[in-house]
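Novice: Chains as they are written, first to last, in our numbering: chain A, 1 to 189; chain L, 1 to 189.
Don't read these hints as lab results, they were simulated from the structure. Do not rely on the hints blindly, as some may be mistaken.
Where chains are identical, the list cannot tell them apart; a pair therefore holds if satisfied intra-copy or between any two copies.
Claimed, not checked - With a straight-line Cα cutoff of 25 Å, these simulated DSS-like cross-link-like pairs (lysine-lysine) come out: (1) K71 x K52; (2) K71 x K154; (3) K52 x K147.
There are 2 protein chains.
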Amino acid sequence: MATVDATTAESGKAAAPAPPAPAGGFPGAELALRALLFAVTLAALVVLATAKQTVLFPVPVLRAVMPMEAKFNHSPALIYLLVALCATCLYSLLTALGSLRPPTARTLFILLLLDVFYAAVMASATGSGGGVAWIGLKGNSHTRWNKICDAYGKFCRHIGSSVFLALVASVLLVLLAVLNAYSLYRRSR
Amino acid sequence: MATVDATTAESGKAAAPAPPAPAGGFPGAELALRALLFAVTLAALVVLATAKQTVLFPVPVLRAVMPMEAKFNHSPALIYLLVALCATCLYSLLTALGSLRPPTARTLFILLLLDVFYAAVMASATGSGGGVAWIGLKGNSHTRWNKICDAYGKFCRHIGSSVFLALVASVLLVLLAVLNAYSLYRRSR
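Between the sequences and the hints, there should be enough to build the whole structure, so can you do that?
Specialist: As structure tokens, then:
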């Protein structure tokens, strides 16, 4: 009986002129994830932008010390990470404000595309930053690239934390894409 | 009249027991993209795995030459790229075979999730491989990491081509995710 009732109700709904789109979406979860994404990317930005350390290296021949500075903008990979973090931070803020009202199917679709795009960009920036940070941490004996983290400890902690937060941001963006995909899937059944 | 007819047909369809799911999807485009993804990842794998070069460096003190080998597995970032390419190559083959029959909404949803996941993995692997390849190509004067591509030209061409093909694979995976998202969107309207 319950099945018949449900079917009747469904056919009734279909026959009504221009039925309102089902609510779909998970506004609470989406807003929370986007707010978290904003916090994480902002933290990563601050940590990366403040990655700066000057170390005094002794020069025995001259009986002097030479200051050597390490900054994030000495590496193109870390500049790319900064730009990607900036873009994602702005994106998360705008979409968090936009997710306050219930989404239409079209909005869900566009948000899904943007989430996938930003997830790919953040993942690639995390990869490139992480790859360079790993060389800084461990060096590479084959290419004679020496590790620098024994001398620039504070700088490396900043870079490492920033890469870790960027990884968290990538995972959050994938989760947001999954959430929007699930909302679309629920509507399509 | 047409509207009324369509509405009646729709309500009739809704009332019928277990209506067949609409076809949705773009099986032709999807199969083509997945076949292209397979070809690209396989080519990238072969190019990366064969990246190997031995260069003879003269040692004037000993009046001899010393052979120095460069191989992709000297760098963790390139090993990660190889593993990601292997996984994506296998994934593209399996899903290409699976996309021969018309997908259900559930299949589209699961494929979308997997595409997003693999896109993120491939993007991060491309980023990390590209970051390391860039240091090999340009060096970094601040950290005194010397470029190696002036000596290991053939090796660097292999790595560069592989990273480029991995980038193409990432773009293809994003396109596949977009395609599946659009199919879900079309069904949800």
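Novice: What hint numbers does the structure not satisfy?
Specialist: Of the numbered hints, all hold.
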